[in-house]
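First to last, the sequence lines map onto chains A and B.
Position one of the first sequence corresponds to residue 1 (our numbering), numbered consecutively onward.
Position one of the second sequence corresponds to residue 1 (our numbering), numbered consecutively onward.
Honestly, the hints are just simulated from the structure, not real lab data.
Heads up, the beta-carbon is just placed ideally off N, CA and C, and yes, glycines get one too.
It is possible that some hints are incorrect.
In silico negatives: residues of chain B with every beta carbon more than 10 Å from chain A [what the hints assert, rightly or not]:
#, residue
1, Phe64
2, Pro70
3, Asp71
4, Ser86
Going by beta-carbon spacing under 8 Å, a handful of chain A positions derived as facing chain B [claimed, not checked]:
#, residue
5, Ser41
6, Gln42
7, Gly43
8, Pro44
9, Tyr46
10, His49
11, Ser94
12, Gly95
13, Ser98
14, Tyr99
15, Gln100
16, Leu101
17, Phe103
18, Lys105
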Amino acid sequence: DAKTTQPPSMDCAEGRAANLPCNHSTISGNEYVYWYRQIHSQGPQYIIHGLKNNETNEMASLIITEDRKSSTLILPHATLRDTAVYYCTPTSYSGAGSYQLTFGKGTKLSVIP
Amino acid sequence: DSGVTQTPKHLITATGQRVTLRCSPRSGDLSVYWYQQSLDQGLQFLIQYYNGEERAKGNILERFSAQQFPDLHSELNLSSLELGDSALYFCASSPGRIQETQYFGPGTRLLVL
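Just chain A, with the same shape it has in the complex (with noise of 0.2 Å):
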């Protein structure tokens, strides 16, 4: 299983770019790096995954470096709704077709007013 690093919290203020970063050196060439949030005690709520390229929908933006060893998720203009544990996950293969996320301790972010 690729294992990940994330910073255990980091600050933002309202308004600004939150900048998220997650170290999985060790993912396989065809696993998927997924982000989720968990707000409280809520059930982790999906944001964004990719494979090699760069990824942008309506909630963030997720760069992962060429050599996949490392992604950055950003959400352009944290409010203060953004507060959450964020979750950097690659997909690891369990057998029989089927992939599984591994969750690691996340990075705790504040949207600070």
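Following the hints, position chain B against chain A.
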């Protein structure tokens, strides 16, 4: 709202007892995943079912079992409960068994006294 529903929201029981947690996947999704989130272990994958069949196992204890029914809802059975089983239990669903986005339910909070 992810479209995944879980019942009950809260459950309080005593050690040695048995409980059943229920999950209804998003419409059209064939895969259901169960996760356990405790304070010291983080979010851990337990088991996956695809169209009624077990597809992958994670860190699931022998006291725990699951099944997926013909209508695709799933149940997680926890028996001989111990204090350490107190946790949040989430289920997630995805369309199939390949690398697809998993959407999480709101979770069931289990407290074992």
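- [ ] Tell me if A:Tyr99 is really an interface residue toward chain B, meaning its C-beta lies closer than 8 Å to one of theirs.
- [x] holds (5 Å)
Task: Hint check: 8 Å Cβ-Cβ cutoff, A:Gly43 to chain B - done: holds (4 Å)
Open item on the list: Hint A:Gly95 vs chain B: min CB-CB distance below 8 Å?
Closed with: holds (6 Å)
Task: Per-residue hint verdict: A:Ser41, partner chain B, C-beta under 8 Å - done: holds (6 Å)
Open item on the list: Interface hint check: A:Leu101, Cβ to nearest Cβ on chain B, cutoff 8 Å. Holds or violated?
Closed with: OK, holds: A:Leu101 within 8 Å of chain B, min 6 Å.
Open item on the list: Would the hint on A:Lys105 be counted as holding, given a Cβ-Cβ threshold of 8 Å to chain B?
Closed with: Holds, about 6 Å.
Task: Restraint check, 8 Å cut-off on beta carbons, for A:Gln100 near chain B - done: holds (5 Å)
Task: Residue hint A:Phe103, partner chain B, criterion CB-CB below 8 Å - done: holds (4 Å)
Task: Status of the hint placing A:Gln42 at chain B (closest C-beta pair under 8 Å) - done: Interface hint status for A:Gln42: holds (6 Å vs cutoff 8 Å).
- [ ] Taking the shortest Cβ-to-Cβ distance between B:Phe64 and chain A, state whether it exceeds 10 Å.
- [x] Holds, because the least Cβ-Cβ distance between B:Phe64 and chain A comes to about 17 Å, which exceeds 10 Å.
Task: Given as non-interface: B:Pro70, partner chain A, CB spacing beyond 10 Å - done: holds (20 Å)
- [ ] Double-check A:Tyr46 for me: the hint is only fine if its C-beta lies closer than 8 Å to a C-beta in chain B.
- [x] holds (5 Å)
Hint violations for this structure: none, all hints satisfied.
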